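Student: Chain order of the listed sequences is D and G. Quick note, the first sequence lines up with residues 1 to 309 if you use this note's numbering. Quick note, the second sequence lines up with residues 310 to 756 if you use this note's numbering.
Each hint can be trusted.
Taking lysine to any residue and the SDA-like style, the derived pairs with C-alpha atoms no more than 20 Å apart in a straight line are:
1) D:K226 / G:G496
2) D:K221 / G:G496
3) D:K226 / G:S493
4) D:K10 / G:E575
5) G:K712 / D:R112
6) D:K10 / G:A576
7) D:K226 / G:M466
8) D:K10 / G:H505
9) D:K10 / G:R508
10) D:K226 / G:L494
11) D:K226 / G:G498
12) D:K226 / G:L492
13) D:K4 / G:Y579
14) G:K440 / G:S493
15) D:K221 / G:D497
16) D:K10 / G:E578
17) D:K90 / G:E624
18) D:K226 / G:D491
19) D:K226 / G:V517
20) D:K10 / G:N581
21) D:K226 / G:P512
22) D:K226 / G:D497
23) D:K221 / G:P512
24) D:K226 / G:L628
25) D:K10 / G:Y579
26) D:K90 / G:E622
27) D:K10 / G:V504
Since the hints were derived computationally from the structure, they do not count as laboratory data. Note that the structure is a prediction, hence the values are computed from the model and not measured.
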Amino acid sequence: MLPKDMLSLKDFSLEALQEILQRAAYYKKKDGDVFSSLKGKNIAISFWEPSTRTRISFELAVQKLGGRIINFIPELSSEKKGENADDTIKTLQSIGADALVFRHSSPGIFHRVSQFVEIPFISGGEGCYQHPTQALLDIFTLLESGVKLSGLQVVMVGDILHSRVARSHFYAFPVFGANLTLVAPPVLLPLELVPPGVNWSYNLEEVLPSGDIIYLLRVQKERQGKSLIPSLGEYTALYGLNEKRLSLLKEDACLMHPGPVNIGIEISSGVIKTFENVYPDRILFQDQVRNGVYVRMAVLDLLLAGRVI
Amino acid sequence: MDLLLKGGILHDPVNDWEGPAEILIKGDRIEAVSLSLGPVEVPVLDLKGKIILPGMVDIHAHLREPGNEGKETIATGCAAAVAGGFTAVACMPNTDPPVDSKEIVNYIKERARQADLARVYPIGALTGGLKGQEIAPMWEMAQEGVRGFSDDGRPVMNGGLMLRAMQFALVLGLPVISHCEDLSLSGDGVVHDGVHGYRLGLPVIPAVSEAVMVAREILLQQKVGGKLHLAHISAGESVALLRWARESGINLTAEVTPHHLLLTEEAVEYFNTSAKMNPPLRSSADRDALLEALQEGLIEIIATDHAPHRLQEKEADFLNAPFGVTGLETAFPLLWTKIVEQGILSLSELVKCLSTVPANLLGVPGGNLTPGSPADLVVIEPHKEYPVNTDSFFSLGQNTPFKDWRLKGFPVLTMVDGDIKMWEGKVKGFSKDFPELKGLFIKQGSK
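Could you put the whole structure together from the sequences, leaning on the hints where they help?
Tutor: Structure follows, in structure tokens:
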């Protein structure tokens, strides 16, 4: 049996995750076919934080499976306390939603509300806690690109501290056999956060040569008010992927990014252009976005069916 | 009333008593303590198999009144106190309005008098409105009976102001109680800066935010030399600083809570808001350092930091749920079961931490059962084990991480001024079936 909810990938066995990925591959292969596994089902989607790609890909996933979308757009300005989300969730369940897809800024809110919700609850990103479908679509993208995950060296660079994607990958990459190395300045990489078996460094240039995958994370501009680092410019000088550092990469190293990309901060526009023009197979940003739809179709399908087939 | 307590085992470290004792109470005083008092013409209470201790004095509780009577009132807080074996409670000034004037001090005293359960000693605000800007009218509040000063919950970030307040408290002979936390380091944090908090994606209150302020207070104390007391120490770094202070001959006291002694950051797993408090639960290394500090006597006081909240407030998201746990009704059974029975402290050492030292620091009666002193005592049932049942709490707050823990050592009788306030879980004025005591006593046949 699958768990009722997808809040953290940790609740899923490797076999369950593989089942979801196989289903996603099936949907990608059959793209264009008409599916009806969500026929008559109402999927409530409510994002309490800004989002473009995650939200749209969930919507598209529902549509491709023949389901109906209940789109609840909260008044983001009045989103301060958890109570509002609670009421919304209860309301959505009462009016007949068959599953809930939520994004929220407060870590732990989904654990709490999922206890009074009987229908599947799928996280579309929960504060700094987890972003399970993003990690799954990353794994899907890698498998699709033909790389072998076992022994793969993944170098993850950026704001690890505030990244829910990183926290989901603390489980996802290792469970599929990949080795993870985290790179960031100390303020964004508290060592208590580094799980056992995961490597870390404060020095990007030192670890770049070892990476089969360079996974870039956004450095969130909105956090700059806290003066975590001297400036984005100084971050870029030390941790940005620029032309100068390209020579340090393995010749078949691939780039990934969960988006949205801050061009000129974690990666220079020159590096993006070089990859797009010269090594288009090694920059996976758009593949990640594209695959999000199929992975979310699989998640919705299997969680609503209640089991892995 | 006059009463003879017979058959119990008394632990009174001040009088170096650890063993069977008969205690004669006349009116509101201890009349005599002896191995055998011989025949006396007063009602007798048979306490065979029970332990008798000086009433416990909680130096750190939040009774919420005035202003937050939905969380707790002075009456319900005092009921919780006597239910938990506390005969006196020092209440922190972060009420609404805060305790920063004689009017509020007198209001609290009046409410405590009406409740007629535990003794209540208000702690006055150190700064007006707890705002950390101007020193509160300390003399005026001292005249009305506050027994210490603190901005607990809101650390005094201005070191100069803290120094001057400590200097004035020196003149008044009253302790300053510091909540050690550098807000510029703790920010909007809600959990310890350890493995569990970071994994959950929650903002942190680093251990160092406490330790740097402990260091500041120790150095200020070296300069001032009054009574400084450090509230709810949670971090190993702070313990190291306390050790340095002791070695340097700087006198101060420090307290630790039962929850910091018995739990670690692991308790916040699954975003458990009942384990959300400030300072936060820290690592097992920190917890071990606290236990060691307790054994070494670097930390001499155990205080509850009783912080009741409404259930629905605690059911909010982890970020939004208020800090704090209730403590008055669980402290002794926890400490008996997990500290004394585990051999970490002897019972007499625990009595010093819970009764003698806090009473001395506040400069109030209690902490011993010397003849002539007020008959404030508690009787413990040491053997029977019960689960912590939050439904039976007298506190309005049920926010405890110890729910359903199976514990021994629940108090069965609490006496203040010779008057029985709690009997077998029933509290005077609260429990309808608070017993008609006379029927319970065996009349001693006079000879």
